[in-house]
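Number of protein chains: 2
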Amino acid sequence: MTKFNVLILGNASAAPTLSRNQTAQLINIDEQYFLMDCGEGTQLRLREHNIKFQRINHIFISHLHGDHFLGLMGLLQTMHLLGRQTDLHIYSCGHVEEIVHVHLKHAKGNIGYPIHYHTVGTDQSELVFEDHKVEVHSIPLKHKIPCTGFLFREKQKPRKVNPEGLKKYKVPRFEIARIKAGEDFIDAGGNTVPNDALTFAPDASHAYAFCSDTAYLESIIPIIEGVDLLYHEATFLEEHRDRAGQTLHATAAQAATIALKSRVKKLIIGHFSNRYSDLELLLNEAKSIFEATEIAEQDRCFDLLKSQ
Amino acid sequence: MTKFNVLILGNASAAPTLSRNQTAQLINIDEQYFLMDCGEGTQLRLREHNIKFQRINHIFISHLHGDHFLGLMGLLQTMHLLGRQTDLHIYSCGHVEEIVHVHLKHAKGNIGYPIHYHTVGTDQSELVFEDHKVEVHSIPLKHKIPCTGFLFREKQKPRKVNPEGLKKYKVPRFEIARIKAGEDFIDAGGNTVPNDALTFAPDASHAYAFCSDTAYLESIIPIIEGVDLLYHEATFLEEHRDRAGQTLHATAAQAATIALKSRVKKLIIGHFSNRYSDLELLLNEAKSIFEATEIAEQDRCFDLLKSQ
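For the protein sequence lines, the chains are A and B, in the order given. The first sequence begins at 0 in numbering that gives the first Met the number 0 and counts up by one. The second sequence begins at 0 in numbering that gives the first Met the number 0 and counts up by one.
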C-alpha cells in the first residue's frame, strides 16, 4: 500500500456556510476513490481539488439527513452528463434509491450507467465492500434515524518470514506462501513446526473510521479499536451537552473519550454546530482528554501512511 | 415603485462549474424578494450577497430538471433551521411537493413553517401571484418536460390627471380617484366628459420576463411583448442548432429573434452549455440580431428602473 489518505471536503453540520461545507470526504486508497457522504455542493468541492468524478466508483452515505447527501443527485447527474458508463455503487442504510428515482421520474431523465444500491444493516457491523486491498465495514451509530459510519481497513497483510527459521527447519520454497498465510509446517519427518517459529507478525494494517452522526456510543469501540485515524463528530461543546443529548449528537469531550477508549492513533473532529465560530474551543475540549486530536479542517488531507 | 432589479445567482446549464453556478435569480421589487429557480448551491450564493433567506416568501421553479431546483431542498431546510415561521409559497408546473415529501419522509424531518405549493398550468399564461404592486404570470415554454417561465409585471399605474381638463370641466376633488382609474365624468348638466379629456396615459409599468428552458417558441411573444428586460436561455450557438433542436433548447440567435419580435427593451442571455468557454461568441451572435443584448453574468444585478 502506497497511499491511504482522507481529504476533508466539508465539515459543517446542518446548514452550510461560506467557510464550511457540509459533510463529504474523499478517501484515496492506492488511487481507488471512496466518497464518504455528499453534502450539497460536493461536486464543486471535488472540482476545486481537481478530482476526476468518474474515478469515484463507491459512494457511502451515512444517513439521509440532508446535510449528508443533498449533493448526491447533482453528482450522479453530472457523472451522467460527462458520459459515464462505469458501474457506480452506493452503500447506505437509508433508502437512497427511492430519492434518486423520484428525481428521475419528475425529470423524465435517466442515468446512463448502472447504479448498484447496497443496503447496509444497522444491527451489527457488516462487511459491505472488499477487494484485494481493502475491506469496508459498517459501524452502526446512534442517531435520530438509521445511521452508520464506515471503517476502511487495509486487508491483513501476510506474516513476514523469519529467514533463520526457514533455514533451521529446511522449509522448501513452495511452502512459503502457505507459511506467510499463517499455517504451520510439517517437516519431512512428520513433525509440526509452529508458524511462529518461522514467521514474524505482519506489519499493521492501516485503518480509517468515519463516525458521524452519533450520540456517545461505546458499542463502536470494538469495531474501531486501534485505527490509525478516527473521524468522530463533535457537534457540540460539553456546555451544550443537553442539546447534544436531545439531538443524538456528541460533544467534543465525548468524541475524545471514544478515541481514548478505542486506543486510536489519532482523532479528527468535525460536524460542528454553526453556533461555534471559534473551533479552538472544540479542539481544546477534545485535547484535554485525547491529546492527538485535530480539527477535520476543510480542504485538509490526512495521510494515514505518514506518522502524524 | 422605487426598486425593480434582477440579481443573477447562476447562469450555467446542466453541470455547475467553479465559475458558473446553475440557474437561480433573485428578483427584488421594492424589497419584496422573489426567487426564480434554485440550482444546487443557491443558498450559498444568497449568503455571498448577504441576502436574508427569510425575506424570500415566493419561490418559482420553472421545471424539474436538476439544474433548476436541486438547491431547493437545502434552502428549505436551512430556512427551517434558522427558525422560520413565515409561510412560503412555491410555484411550479412540476410536482415539487412530492420531491420535498420524499426527503422529509426519509429524514423523519419536518419543516416548521407552512409551505404552499401552487400548481401552474402549462396550456396558457396564468396569473399565479398578485399583490397591490406586482402581478406574476406564467409563460408556457417548450421543453422536454413541462416548463414555464414567469413574467413579473408592476401593476398598471393610475392615469395621470390633466389639471387643465379638470379645471375646464369643473371636476370636483372627490371624483379624481375614479377618473384616475379611467372612468368618464358626468358633469352637473348630465353631459359625459370622456376620460381622455381629463387624463394622460399612465407611466409604463415595468416588467421582467424569465424564459428558460425552451426551444424557439413564438407563442411567448404576446405574453412578453415590450418588457423592460427579457432573460431568454441561449444554451447553444447557431452552429449547434441541431443539438438545440434535439434537446429543446434555444440558440443565441433564436433568443435574440424572440427579443426583436417581442420589442423588448433589453435582452439578457444565459443557461450556456459548458462547451463554450468564450461567452462572447454567444453574445455576438445575439447582438447581430438584437443589439441591446448582454450576458446574464453571474453576480450581476440588472436594474429595470435605470435606463440600461
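Since the hints were made in silico from the structure, they are not lab data. Values in this document were obtained by computation on a predicted structure and should not be read as measured data. Honestly, I wouldn't trust all of these hints.
Pairs of lysine-lysine, DSS-like flavour, derived with a Cα cap of 30 Å [to be verified]: (1) B:K264 x A:K143; (2) B:K179 x B:K107; (3) B:K156 x B:K264; (4) B:K264 x A:K104.
Here are the in silico distance ranges between beta carbons for each label pair [claimed, not checked]: (5) B:T118 x A:Y275: 23 to 31 Å; (6) B:N49 x A:E293: 30 to 38 Å; (7) B:K104 x A:G244: 23 to 31 Å; (8) B:I175 x A:K104: 51 to 59 Å.
Backbone N, C-alpha and C fix where the C-beta goes; we use that ideal spot for every residue, glycine too.
Hints, verified against the model:
Distance restraint check for K264 of chain B and K143 of chain A: the Cα-Cα separation of roughly 54 Å exceeds the 30 Å cut-off, and the hinted pair is therefore not satisfied. Between K179 of chain B and K107 of chain B the CA atoms are separated by roughly 55 Å; this puts the pair beyond 30 Å, and the hint is violated. Restraint check for K156 of chain B and K264 of chain B: the C-alpha separation of about 19 Å stays at or below 30 Å, so the hint holds. As the CA atoms of K264 of chain B and K104 of chain A are separated by approximately 39 Å, the hinted pair breaks the 30 Å bound.
With their beta carbons about 42 Å apart, T118 of chain B and Y275 of chain A fall outside the hinted range of 23 to 31 Å. The given range of 30 to 38 Å is respected by N49 of chain B and E293 of chain A, whose C-beta atoms sit roughly 32 Å from each other. Checked against the given bound of 23 to 31 Å, the beta carbons of K104 of chain B and G244 of chain A, roughly 25 Å apart, stay inside it. With their beta carbons about 57 Å apart, I175 of chain B and K104 of chain A fall inside the hinted range of 51 to 59 Å.
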